[in-house]
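Asks: What follows is each chain in one-letter form.
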Amino acid sequence: MTATTLFEKLWQSHCVEADRDGLPAVIYIDLHLVHEVTSPQAFSLLRERGLRMRQPKRTLATLDHSTPTTPPRADGGRDYADAATEAQVEALVGNCAEFGVTLHGYDSPERGIVHVMAPELGATQPGMTIVCGDSHTSTHGAFGALAFGIGSTEVGHVLATQCLLQHKPKTMAVNVRGRLAHGVSAKDLALHVAGQVGVAGGTGHVIEFRGDAIRALTMEERMTLCNMSIEMGARAGLIAPDATTVEWLRGRARVPSGAAFEASAQRWLGLRSDDAARFDREVEIDAGSVRPTVTWGTDPGKVVAIDARLPAATAANARAFEYMRLRPEAPIAGERVDVVFVGSCTNSRINDLRDAADLLRGRRIATHVRMLVVPGSERIKREAEAEGLDGVFRAAGAEWREPGCSMCLGMNGDIARPGELVVSTSNRNFEGRQGPGVRTLLASPATAAASAVAGVVADPRVLAAEVAA
Amino acid sequence: MSGIARIESRSVALPVANIDTDQIIPARFLTTTTRAGLGRHAFQDWRWLADGSPNPGFVLNRAEHQGAEVLIAGDNFGCGSSREHAPWALLDAGIRAVISTGIADIFRNNALKNGLLAIVVTPAEHASLLAGAGEPIAIDLRTQRIERAGTAPIAFSVDAFARQCLLDGVDQLGYLLARADAITRFEEARA
Ligand code: SF4
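Listed in order, the protein sequences are those of chains A and B.
Under our numbering, the first residue of the first sequence is numbered 1, with each subsequent residue one higher.
Under our numbering, the first residue of the second sequence is numbered 1, with each subsequent residue one higher.
Not one of these hints is a red herring.
Over 10 Å on every C-beta distance to chain B, these chain A residues come out as not near it, computed from the model: (1) Ala74; (2) Gly178; (3) Leu271; (4) Ala277; (5) Arg278; (6) Phe279; (7) Asp286; (8) Glu466; (9) Ala469.
Not everything, but these chain A residues come out facing chain B in the computed CB check (under 7 Å): (10) Val16; (11) Ala91; (12) Gly151; (13) His157; (14) Thr161; (15) Val199; (16) Arg235; (17) Leu409.
Quick caveat, the hints were computed from the structure, so don't treat them as lab data.
Don't be surprised by glycine CBs; every beta carbon is placed ideally from N, CA and C.
Excised from the complex, chain B in its bound form (with noise of 0.2 Å):
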């Protein structure tokens, strides 16, 4: 994984509150064994009409935001099933961020372990980037900040272990297995 320092894209605008990874990924499409691939079905029921044609209606379908790569969602985004590969598929689809008043527990961990941003900011700065969707947009890990031009940028914070993991494109198993002299005394004093 490389690191990720700053992402500049243009936004993209999907306010619908309880956005839940059955939404993003519909559980027919986990029958792969691998992470590649997902993306043409990230938001498939929405973004595929039933024959198969794209749906004219759907945001991301739309001319003017192709290569978006950051999602404004609405509250509690990533809901429901624990299934990564959500987040496999929107990074698959191009997504880089997702910034929501509220982003759901396990997916918020899925998205930073695979380098999806996962960022939370208050109703009044979301509803200024609603305003502002299609703009473009940076956010920068480094200061922590969401910049636009003729706006105050928006201060936001991210873990900040799997900030570093992610500014330093490392990921967090070898971390872990770097613990192991620990874990064998926590093993050998419960035996």
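If we strip away everything but chain A, and leave its shape as in the complex, we get (with noise of 0.2 Å):
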């Protein structure tokens, strides 16, 4: 036997028929996680072609891309962007309806962010295939699944035939050593990575992340790092199961019970890239030089340690620092902000806004700046509405709202005004991302809470040694 990756370990046991000739391999896809704004077309194709799903168990659904954040209205009603944005709620719930796939809509106390409430499920699990349409679908590698964003005619696919056409991608191993410092989160680590490998650097490959200093990361910090592995150009982020991730899974609503549960744990344990395989690239990374991160131009590797300097101009850089109206060579630190987002499938989940929280607690934040903190699902609203966050974020002047995407594209009314600078914990910086003409800083939770209170953008270091002091 040779050696394997963990991918090539995933790709094997899925694949329906291998790629020969130039013809790609036919993979079978275990979970389908379906939303609002990729579907409608899919549902519509199935329609057009007189075809059913082929496994409607297997398909999920929620609301979340363009569902309002404020609460219901007296009468029930939502307060959305537009009629657009409502009639696309509509149509999924009534594709839901029409083709018998589960939906957490509003009535569900599950509904969430696809890539937050699919886990908190335990619908995602170890050793499966997980696609959606939508590119953050690599946030379940975390759990050692193999899970890719899709179009919305592959959603089609999926729902027809709950099968792709594929071919194999490359590997790389992102080999994280050592321990991250005090006061560096997962998100510091994974813009510091995007800028070590580029936002073009994973193309065509799918990212182990491995080494000590993954290891030693929680599920949700593992969900963070994976997730942006799609700003590296990756297909996928993966990293191989252990006991964090048997424990963080048991008990969940659709993974099994009782010694069902103890066989597929073992199962889950097996998954692991052997000794000796090779990856076709490999990238070493130092957790302890890793410094609080955030992003200064329009593409998620253009990141800078918060205590230091942005690079010289170059005519590569020219643009992204017009348009963010940054001057090179300049401090990050102590930029003025208009407003901070707290939320995403990227930080979004309760050990997120327990970290803005502990900076906020007994704060207020700086009279010229609007923050809105978003929980990812209705059960994170929950734990932290329990845990009296959502008091301590209204008591610092921040906005509690109902969970969604929200800010993190704008697509349901929540944006910023054109020139507004937005300290986010979200995933994507680019132009207009927040609304045209805005400019978005991605940070960590504690770096946006810190820049919050200090009105500029701020080291959550220093901001913490007073909490702590």
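Combine the two chains into a complex, taking the hints into account.
Replies: In structure tokens:
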């Protein structure tokens, strides 16, 4: 037997037909996640062709991208950004009813951002293939599942056949050694790695994150890291399951219980790259050298440590400097902030909210700053409220909202104004992502909270030291 | 979908690196439940000024580039969101081929499934294409060559299966549906 990588094991075990003679492989999909934005055209395709769904039970739907984050009105209605977003939500409700798909809609206590709620339910499990019409499906790789984003046509393929046509990607190992320093989060690591690998560095590859620094991460932190693999151009990110994975999944609604769980756990723990397995590419990262990191440009690879200066001007970065209205070689800390957003499938989990709340407790955000805190799911919202985090945010002057994607992509009307600088815990800082002309700076929840208090981009370690003192 | 064998058009250059799908079609236009009519919003925030008038500085708005079907773009084109609305918008805006030194995985997949050619060339070939931007160009999918008057043709390769589907004008769902027996056997073996 030749030594194989985790990716290869997942691939082999899902090959209905291997690739041959230039024909793509037929890959079986265990779990298909669906939301309102990229699915309507796929359901239409089924109707046009007179097709049924092959395995409706393998599809799970939720509402997240275009849903308002303000509470329902007294009459039960919701304040949609426009009639089109409302129609989109209604289309998914109708499609799920027609085709027999389980939908976690407004009436479900499990509704949330698709990449947050599926793991919470235990629908995401090691060894699975998982797809969704959403590029951040890479998040689920944190569990040792092969998970990647697809387009709407492919959503239709999965609905109709439970399979996808795929060419085998290459493999890349990102070895993270050592230990993250105190006050440095998984988001800082993700941004640091994106800076090292570059936004196209992972193109055509599946990344496996390995090393003692990765083993030390919680599941929430692993999800934050795998979430951003797509920001390195990779098809998917992967972390081999271990005891942390098994314990996180134990007792969740969709995992087996009792002896069946133990049997699954044994199988999951066998899912790892063989010691002698070779990767097409390897990248080494020293975790100890990572500092709190933010983006400064208009792609997630343009990063800078919070206490460092911006790069010198080059032809390649001139456009980013111009859009962001930043000066080459200036410090990033101290830049005036208008809006702070804590949320998105990268950083809206309970640990993220705690990180932000820890720095806000007993403080007020700067008077010129507007801050939105948007939990990733109904479950996280309940958990945060039980801990009193909502009260901390409100007392600090921040808005506590209903779950959804919100300002991560601004489809639901949660956007900033042209020219405003948003410190955001989301994953994309593209031009106009949070509204036309809006400047986005990606950061960890701690950096976001510290910047809200200071009113300028701020190093969270400074505020954390005050909290400790 | 009718077959695509050859595209003959003028080219237009947009040599910006890392053009993401939010740039190609911003999220606020993803609220549609159909594929149609997105062309007006292709490159929305570059193409239109805040008052709704065309941005005279944006290359696709210039009179001489109207009708150009071949876009020569910067590296890592189509990165970011998986939205298939990006190729839908480009096709609806009249773009039938994108040529770059790098094209993001999901965008390339989405493009080829919709009949938008996504072609990767070397940096030297890219530079030569940029130098000739605005001139007539032909992309032949049968021979996998880019042809221009007065210069040697540039060979490219498109995934063989996707290419055959495009040439024959068939979509990939038909191929998958024909695998139903194999899929059933796979499901039974795992049950
Ligand atoms: S939170 Fe943002 S990145 Fe995540 S699924 Fe929603 S829109 Fe996509």
